[in-house]
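Converting from the sequence shown to the working numbering requires adding 26 to each position, the first position being numbered 1.
Rather than coming from a laboratory, the hints here were simulated on the basis of the structure. Just so we're clear, the structure is a prediction, and the values are computed from it rather than from any experiment. For each residue, glycine too, the CB sits at the ideal point set by N, CA and C. Do not take every clue at face value.
[Said to hold, decoys possible] Capping the alpha-carbon separation at 20 Å, the derived lysine to aspartate or glutamate pairs in EDC-like fashion look like this:
1) LYS133 / GLU76
2) LYS133 / GLU34
3) LYS190 / ASP138
4) LYS158 / ASP49
[What the hints assert, rightly or not] Derived Cβ-Cβ restraints for the label pairs, each shown as a range:
5) PRO99 / ARG125: 35 to 41 Å
6) ALA89 / GLU189: 18 to 24 Å
7) GLN127 / LYS104: 36 to 42 Å
8) ASP41 / ARG105: 30 to 36 Å
9) ARG105 / ALA78: 44 to 50 Å
10) ALA96 / ARG66: 29 to 35 Å
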Amino acid sequence: MTALFRLEALASQHDRSAFTSGDGRLDLYFQTQATQDSRRRIANCFVAVETATHQVVAYYTIASASVSTADLPPDDAKRLPRYPTMPAVRIGRLAVDRRYQGRGLGKSLLADAAVKAIAAAPASFALLVDAKDDQAVNFYKHHGFRQLVGMPRVLFLPLATAEKLLLA
27 MTALFRLEAL ASQHDRSAFT SGDGRLDLYF QTQATQDSRR RIANCFVAVE
77 TATHQVVAYY TIASASVSTA DLPPDDAKRL PRYPTMPAVR IGRLAVDRRY
127 QGRGLGKSLL ADAAVKAIAA APASFALLVD AKDDQAVNFY KHHGFRQLVG
177 MPRVLFLPLA TAEKLLLA
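All chains, full assembly: derive it from the sequences and hints.
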C-alpha cells in the first residue's frame, strides 16, 4: 500500500498558492515568508504533499531554541542537570489545509518534527511550541505536550516522551 502523503523539505517546486488553513496569518507566512526563512537559516520548513495530486496539504517550521530550566514544571526540572537553560527545537508554525483537517496530519507533522529533533546534530531536550489559541493548546496537550510554568500558551514535549507517544 502506498502512502497518501509524503513529508519533505519545502522547495521551489511546491505550489503554496492554494493553501488555506483557515488562519490567514499562517497562510500568509507560508505563501510569502517560509522560503526566505529557510534560505536565511532562521527556520526550516517541511511540507506534507499528497502523493496522488502533488498538492501541499500541510506544513510546519522548526528552529533552534532554548527553555529556561526555571520555567519547567518541577517534576521535569528535577531530572535535568542544573543548567540555567536547556536546548530545544521550537515548532514555530504548524498548519493543515482546511480540506485535509481531521485526518491525523497534525500528529504526523508533530512526529516528523520529533524525528528531526532527535536526529539533529546539536542535542535537544524537548520540542517547544507557542500555541496561538486555546484550541491549539488543547491540540498540543492531546499529543502529550505540557505547559511551562506561568506560560499557558508555551508548551513543551521532552523528546524522550515524544519517542514513546508520537513514534510508537
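Hint check results:
1. LYS133 / GLU76: Holds, because 16 Å separates the two Cα atoms, which is no more than 20 Å.
2. LYS133 / GLU34: holds (16 Å)
3. LYS190 / ASP138: holds (14 Å)
4. LYS158 / ASP49: holds (10 Å)
5. PRO99 / ARG125: 35 to 41 Å: Check passed, 37 Å falls within 35 to 41 Å.
6. ALA89 / GLU189: 18 to 24 Å: holds (21 Å)
7. GLN127 / LYS104: 36 to 42 Å: holds (38 Å)
8. ASP41 / ARG105: 30 to 36 Å: violated (45 Å)
9. ARG105 / ALA78: 44 to 50 Å: holds (45 Å)
10. ALA96 / ARG66: 29 to 35 Å: holds (31 Å)
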